[in-house]
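Colleague: As a plain string of letters, each chain reads:
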Amino acid sequence: MPDSFIPSSSELFRLLPEITLTLAATLIMVLSPLVKDREQNALGYVCFYGFLAALAAAVASHFDPGPAFNNLIVVDGFATFFRVLVIVVGILTTLSSYQYLRRENADSGEYYALLMFSVAGQCLMATANDLIMIFIGLEISSISSYVLAGFLRNRRQSIEAALKYFLLGSFATAFLLYGVAWIYGITGSTHLMVIRSALAGRGAQGPGILLAVAAALIFVGFAFKVSAWPFQTWAPDVYQGAPTPVTAFLSAGPKAAAFAVLVRVFVTAFGPISNRWEPLLWISALATMVVGNFAALAQSNIKRLLAYSSIAHAGYVLVAVTAHSEIGTAAVMFYMAAYALMNIGAFAIVSHIGRQGERYLDVEDFAGLGERQPVTAALLSIFLLSLIGVPLTAGFFGKFYIFRAALQADLVWLTVLGLLTSAVAAYYYLRIIVIMYMHEPAETTADLPPLSGGLAATVWCSALGTLLFGIFPSLILNFAGNSALLAR
Amino acid sequence: MTLLNLCLALPVAAFLLLLMVPRGRPGLSRWTALAASLVIFAVSLGLLLGFDRSTGEFQFETNIPWISAPPIRYHVGLDGMSLWLVLLSTLLTPVAVLISWRHIATRVKEFYAFLLLMEFGLVGVFVALDLFLFYVFWEVSLVPMYFLIGIWGHERRIYAAVKFFLYTMAGSVLMLAAMIYLYNMAGTFDYGLLMADLVSGRLELGHAEESLLFLAFFIAFAIKVPLFPLHTWLPDAHVEAPTAGSVILASVMLKMGCYGLVRFCLPMFPTAARDNAPWIVLLAIVGIIYGALVAMVQPNMKKLVAYSSVSHLGFVVLGIFSFTQLGLDGAVYQMLNHGISTGALFILVGYMYERRHSLEISDYGGVATPAPNLAAVFLITSLASLGLPTLNNFVGEYLVLQGAAKANFAWAVFAAIGVILSACYLLWLYQRAFFGEAGDAVRSHMSDLRPREWAAILPLIVLMVWMGCAAQTFLPPISAVNARIVERIEQGVVVQVRNVAPVLGEEAAHAR
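For the record, the sequence lines run as chains A and B. All letters in the first sequence, in the order written, are residues 1 to 488 by the working numbering. All letters in the second sequence, in the order written, are residues 1001 to 1512 by the working numbering.
Careful: at least some of the hints might be erroneous.
As the list claims (entries may be wrong) - Covered stretches of chain B (chain A as the covering partner; in silico rule of three or more C-beta atoms under 8 Å from a C-beta of chain A):
(1) 1060-1073
(2) 1144-1154
(3) 1167-1173
(4) 1177-1187
To be verified - To give an idea of the chain A side of the interface with chain B (calculated C-beta under 7 Å), a few residues:
(5) 357
(6) 390
(7) 473
(8) 474
(9) 475
Treat the hints as calculated values from the structure; they're not laboratory data. From a predicted model like this one, the values you see are computed outputs, not experimental measurements. Every residue, glycine too, gets a C-beta built ideally from N, C-alpha and C.
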């Protein structure tokens, strides 16, 4: 029993990013009815500065690491890394949403509030050290994401996306919760460290099958969130139907947070039984890469294509999780950061090309971009080359670190097959470059306005990040490497 | 900053400079590219002056950390083999700029920018002494070539560009896996340290392990060489690429594969190389004869030259896998020869295409009448390519055949058939295109060489003669490098590479 029910200041400090985000989001909700409809977009600024404050808080809390609230959360390097990552994703999403909402006549404060709540949930996931806390973070993040996916409520696709996401998502979280209950039954706790020591003490005896079922149930919940095979089917529909900035957000933020908890749960809590779940993840990783990359070959809608690509990338990251080593964890961290940057950049350009009502989303609509807007085309090429994994881009080092971790864990076949599927992937990314530069210019790019405002800021920041971390990966990697040793 | 770093930095600087040239100024882009590439060539000639030719050691070394964990270093250096390949790249870049002067009329700025980025990648590949850095340059050189073919190529350019990219990519991911595997065993990507570990036995590879690693590297290189039957991307890429693209592709890019074989496959995995040599040599010989036969029946000039490359590069692979000093010397020399003479052939075919807008041999005939100079230059180049004594290819082919004969006489016999066949297809091409009655179309279109065209081709002609008559200018540094490789392959003795090699290099030079 704690001495007092009033949390100490250092505990509050460790939770400061979440508190900041929640307060800012609440402020937006309060202000929203008071602001005229035409001026709703001003709330975007509140959101932006709120995120900046949360970013500062997340960085500051790194200098006072440790557990808080009865060990329910823990601030370590790993948590800080993912907190900063999801907040940066939030900032970039805010920047790219600003013009989008205006264009679609959907300006409203709720959008920004939901975005902030979602990021708050993801921050909580990153710091959570207890299965119940993870579940709460996941739900905060997911419920806001469901609404965001259906935010353009006059568009059928958007509604469809939201409904699908919601139904399948809640189904998956139910599995997760059921798994948590089993784990509680087996080990008597929901706290990750306690589970770990219980499993380590029990060894190979005991009700092995119960444990396997519990781990599998929990994996189902996470696999859905990271869109891993066989729970990836929602991703293409949801990514296609959701408003483009939200798609970018979904592919970066919730996914990063879900990988953070996946790593934390499987590497720390389930670490002692790694030989049980390793084959499971091995199969899932390989199948995810294969399904994602091969299905993407046949896509002509750019958002759908990027959705399958996002599935494939989840597969690569799962390879690093399967390795369950320190460098594997560092590889997950680096990859999620690299992937967030390149994917948000790519989606921002897609949203730019799509224009009002997202009319131009066929890959053929990119024809002639290389001539009409060489800079935009060059930036998109950087993102695509990074997604392929060409050296001097962040995506290359991401893949390199992942497969290095895999080889070190003796996952030779997974590495070889994974690398070969990534060579297949080059084809569909190249197709976009081919269309941009080598096809006859289409009418669709003729009256394209230049990149401007928040969208331009998003794209340039992502591009510079992609190149910077591609040439000097040590900037992130050293931090990731130092914080990859999770609290056990 | 050593001259070598300058050779790497300047192309990037020129690339960025070109990107800043305003879009509507094609003339300015051309002159900037020409000036930059000439400056880079001049700087690279400086390498020649400061190069100690008697040793097989790496010179102009720079070794600074790039990425801390895993330890990846910016480690570059030059030995006798890479010296010439770097010079070949820096020489052919201004040539490529010159031959594209008129030919490239759209998106001029981007074209030259990609050409210089390409140069960066190519020079980098030949000087990288860190496996990881090598891979980075290897892939970096892929991207500009993909754009060069895909944007400025002929009708089926997209198919060719994508095929080119995917073939190379598929091979290189395996190489990457092998590199990481080696790293996980040895804890370093550094070529020198890895070699020292392998030679001294600190790093011991199991038999199966070595074979698989060898194959992973070998397939990546064999695709690039290209070795029969992995060559199918090459005719497509060559035919569809713009002239400058074909020249760089044939003259320098294919050498990346050959260079990789000599630099990495042989010394790092000597046992596996020896075990696998028989079937590799068989493929090389099949490639020599098959390439020549297919070249003979091509109605398209560019395709003919492309298949002749498959045939010529078969010699290179044969020489490498003969594991003899002569064979290896010949192979490396042949890499340079092929770069010069096939590059020149592509340039000349390009000149003809610019005038007549056709690559079909049947559209020509009697070209020697309206364009005697062009005909003369073409003849010299063809003779060089088919291996006439006193011209460059003869030296390389002779050394390869002698080396192959020493290893297995039958190999030399079959490979020699390729030499005969190359005379057939080249002379037959020459006869059909340049002799006979000149039709009206040929008469009106085929003007003779212009000064700019002379400027591009003349250095190559001079080199053909020089390399044919005075091979001693070029061979000693190459032999010094190869002596170490032969030593490593044949005896597999535990030696400290760094101490023994210079002596061997000198001996080899004296023995000649």
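Colleague: Look at each hint and say if it fits the structure.
Modeller: To see whether the hints hold, each was checked on the structure:
no. : hint      : in the structure
1   : 1060-1073 : holds (count 4)
2   : 1144-1154 : holds (count 4)
3   : 1167-1173 : holds (count 3)
4   : 1177-1187 : holds (count 5)
5   : 357       : 30 Å, violated
6   : 390       : 5 Å, holds
7   : 473       : 6 Å, holds
8   : 474       : 5 Å, holds
9   : 475       : 10 Å, violated
Consistency with the previously given hints fails for numbers 5 and 9, ordered from lowest to highest.
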